[in-house]
Amino acid sequence: MEIKQGEFVFIVGPSGAGKSTLLRILTRELLPTNGEILVGKVDITKIKDRDVPHFRRKVGIVFQDFKLLDDRTVFENVALTLEVQNKSDEEIQKMVEHTLKLVEIWGQRNLFPRQLSGGEAQRTAIARAVVGKPDIVLADEPTGDLDPKTAWGVIQLLNEINSWGTTILMATHNQEIVNTLKRRVIKLKAGKIVSDTKEGKYD
Amino acid sequence: MIRAIAFTKRNIRRTPFQALAASMVMFLTFLVLQIFVILAAGSQTSLRYFESKPQVIAFFKDGISSQDISAIENALQQEGRVTNTKFVSKEDALQIYRERNKNDPMLLELVTASILPASLEISTQSPQDLAPVAEILKKEPVISDVIVPEDLVTTLTSVTRIIRTVGVATVGFLMVFATLVIIMIIGFKIRLKRTEIEIMRLLGASSSFVRTPFILEGLFYGLTGTALAWVISYGLLWYFTPFLQGYLGEVKLLPVNPLFMLALLGGSLALACFVGGLGSIAAVRRYLKI
Numbered sequence: 000m001e002i003k004q005g006e007f008v009f010i011v012g013p014s015g016a017g018k019s020t021l022l023r024i025l026t027r028e029l030l031p032t033n034g035e036i037l038v039g040k041v042d043i044t045k046i047k048d049r050d051v052p053h054f055r056r057k058v059g060i061v062f063q064d065f066k067l068l069d070d071r072t073v074f075e076n077v078a079l080t081l082e083v084q085n086k087s088d089e090e091i092q093k094m095v096e097h098t099l100k101l102v103e104i105w106g107q108r109n110l111f112p113r114q115l116s117g118g119e120a121q122r123t124a125i126a127r128a129v130v131g132k133p134d135i136v137l138a139d140e141p142t143g144d145l146d147p148k149t150a151w152g153v154i155q156l157l158n159e160i161n162s163w164g165t166t167i168l169m170a171t172h173n174q175e176i177v178n179t180l181k182r183r184v185i186k187l188k189a190g191k192i193v194s195d196t197k198e199g200k201y202d
Numbered sequence: 000m001i002r003a004i005a006f007t008k009r010n011i012r013r014t015p016f017q018a019l020a021a022s023m024v025m026f027l028t029f030l031v032l033q034i035f036v037i038l039a040a041g042s043q044t045s046l047r048y049f050e051s052k053p054q055v056i057a058f059f060k061d062g063i064s065s066q067d068i069s070a071i072e073n074a075l076q077q078e079g080r081v082t083n084t085k086f087v088s089k090e091d092a093l094q095i096y097r098e099r100n101k102n103d104p105m106l107l108e109l110v111t112a113s114i115l116p117a118s119l120e121i122s123t124q125s126p127q128d129l130a131p132v133a134e135i136l137k138k139e140p141v142i143s144d145v146i147v148p149e150d151l152v153t154t155l156t157s158v159t160r161i162i163r164t165v166g167v168a169t170v171g172f173l174m175v176f177a178t179l180v181i182i183m184i185i186g187f188k189i190r191l192k193r194t195e196i197e198i199m200r201l202l203g204a205s206s207s208f209v210r211t212p213f214i215l216e217g218l219f220y221g222l223t224g225t226a227l228a229w230v231i232s233y234g235l236l237w238y239f240t241p242f243l244q245g246y247l248g249e250v251k252l253l254p255v256n257p258l259f260m261l262a263l264l265g266g267s268l269a270l271a272c273f274v275g276g277l278g279s280i281a282a283v284r285r286y287l288k289i
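Sequence lines, in order, name chains A and B. Each residue of the first sequence is one higher than the last, beginning at 0 in numbering that gives the first Met the number 0. Each residue of the second sequence is one higher than the last, beginning at 0 in numbering that gives the first Met the number 0.
Worth double-checking, as some hints may not be accurate.
[Stated by the list, open to error] EDC-like mimics (lysine to aspartate or glutamate), calculated; alpha carbons at most 16 Å apart, straight line: (1) Lys132/A <-> Glu90/A; (2) Lys288/B <-> Glu28/A; (3) Lys66/A <-> Glu197/B; (4) Lys8/B <-> Asp48/A; (5) Lys66/A <-> Glu195/B; (6) Lys288/B <-> Asp48/A.
By construction, these hints were calculated from the structure, which means they are not laboratory data.
Starting from the given sequences, assemble the full structure and let the hints guide the process.
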């Protein structure tokens with residue numbers, strides 16, 4: 000399987016098919032039992048542990064349950080991505096402000112996660128994933144906990160991010176979204192690819 | 000490093016009671032350590048003082064003549080062990096007594112020169128000369144009593160040894176205890192922040208970025224506890240200086256040398272860094288697998 004730079008790919012399949020496992024392998028959280036995974040020209044299964052953080056900075060991750068830190072504000076949650084990259088305070092201020100305005104959540108920058116709606120929390124999570132300008136964004140069922148209207152807002156945001164040239168891999172169960180967007184769909188079953196269609200549908 | 004310090008400050012600020020508990024344990028450990036060091040240094044200095052000033056005091060019977068005194072002094076000078084002799088008359092003894100008890104009129108009222116004995120203070124070349132000189136003096140019929148500080152030196156030596164042994168044992172135990180407390184608190188915080196650590200790792204945080212704040216936290220507890228212990232021990236010493244000076248007499252221990260206290264602070268801080276650092280590094284290695 001090969002995914003080109005700038006593609007938007009849905010990973011679909013029943014629960015237990017291996018969608019989340021695939022994403023965890025792509026973040027080097029897990030190692031595959033065999034095979035190789037090339038990101039650019041680098042096989043990430045062979046990189047040393049000390050180089051993993053540098054690789055992960057090229058990958059943004061969005062989770063179904065947001066995984067925001069409860070004791071940090073929206074701004075601080077998003078800034079964390081840049082803090083771990085040792086960016087200066089000035090850069091952090093500028094990049095976080097830009098991204099929060101982009102995902103239309105700048106007004107909530109001083110709120111804590113518990114004060115946010117589901118959609119706002121997911122926008123914060125997306126802002127955290129993209130603020131470091133990653134090459135790839137991995138989204139693990141990002142609309143799973145959201146109502147249909149909010150879910151569409153999140154998808155539109157991911158679509159916009161994809162339009163900048165960022166590769167998006169999104170694991171999802173949401174049939175409506177997959178069928179409407181008409182993007183590449185890779186279907187997994189029991190850990191194997193059973194279909195890979197360019198403008199696929201959820202079947 | 001600046002960011003690691005900022006993370007450390009945030010960690011401490013958000014769990015103030017744990018921070019206080021850890022700092023207090025370190026405070027108690029280092030307060031005990033500093034008190035023992037001060038006691039050991041004080042007893043050692045006293046010991047050196049008495050060893051460097053070997054002196055026998057011979058008290059005369061009443062009615063002694065100046066010829067008797069000169070005869071004893073001449074006999075001692077010929078011994079070769081004696082460096083100096085000083086006669087203290089009854090009047091001189093009263094003067095010394097009055098000076099030492101000038102704040103207690105009751106004691107002054109009851110004493111007159113007639114009840115105090117005249118004495119001869121004899122300094123010797125070395126502490127080993129004290130016993131032979133004392134033996135010579137005891138044979139003199141005009142001498143009623145001879146005081147040899149040899150016993151005092153022996154007592155001080157054993158007291159110093161006890162202070163050192165008890166100090167090392169107590170402080171050693173407290174050091175182990177403090178290290179375990181730091182391991183426990185930092186380990187607890189690592190578990191508490193498991194989600195945050197997991198997210199930071201997925202965002203690309205390096206191992207040192209995740210670990211450094213926890214290690215700095217351990218150092219912080221050690222340094223704050225020790226600095227506070229030093230302030231308290233110095234304060235106590237300063238407060239009790241007038242009281243202790245009365246007991247110490249001619250032994251020039253107090254007021255304590257500020258350079259000694261600064262050295263004590265430096266040594267304590269270095270040791271605190273070791274204990275705090277060791278505890279936090281052990282906790283990070285045990286509970287933070289990256």
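The hints, checked one at a time:
1. Lys132/A <-> Glu90/A: holds (13 Å)
2. Lys288/B <-> Glu28/A: Given that 16 Å is the threshold and the Cα spacing comes to 13 Å, the pair holds.
3. Lys66/A <-> Glu197/B: holds (10 Å)
4. Lys8/B <-> Asp48/A: violated (28 Å)
5. Lys66/A <-> Glu195/B: Since the Cα atoms of Lys66/A and Glu195/B sit roughly 9 Å apart, the hinted pair holds (cutoff 16 Å).
6. Lys288/B <-> Asp48/A: Holds: Lys288/B and Asp48/A sit about 12 Å apart, inside 16 Å.
Checked against the numbered hints above, the structure violates only hint 4.
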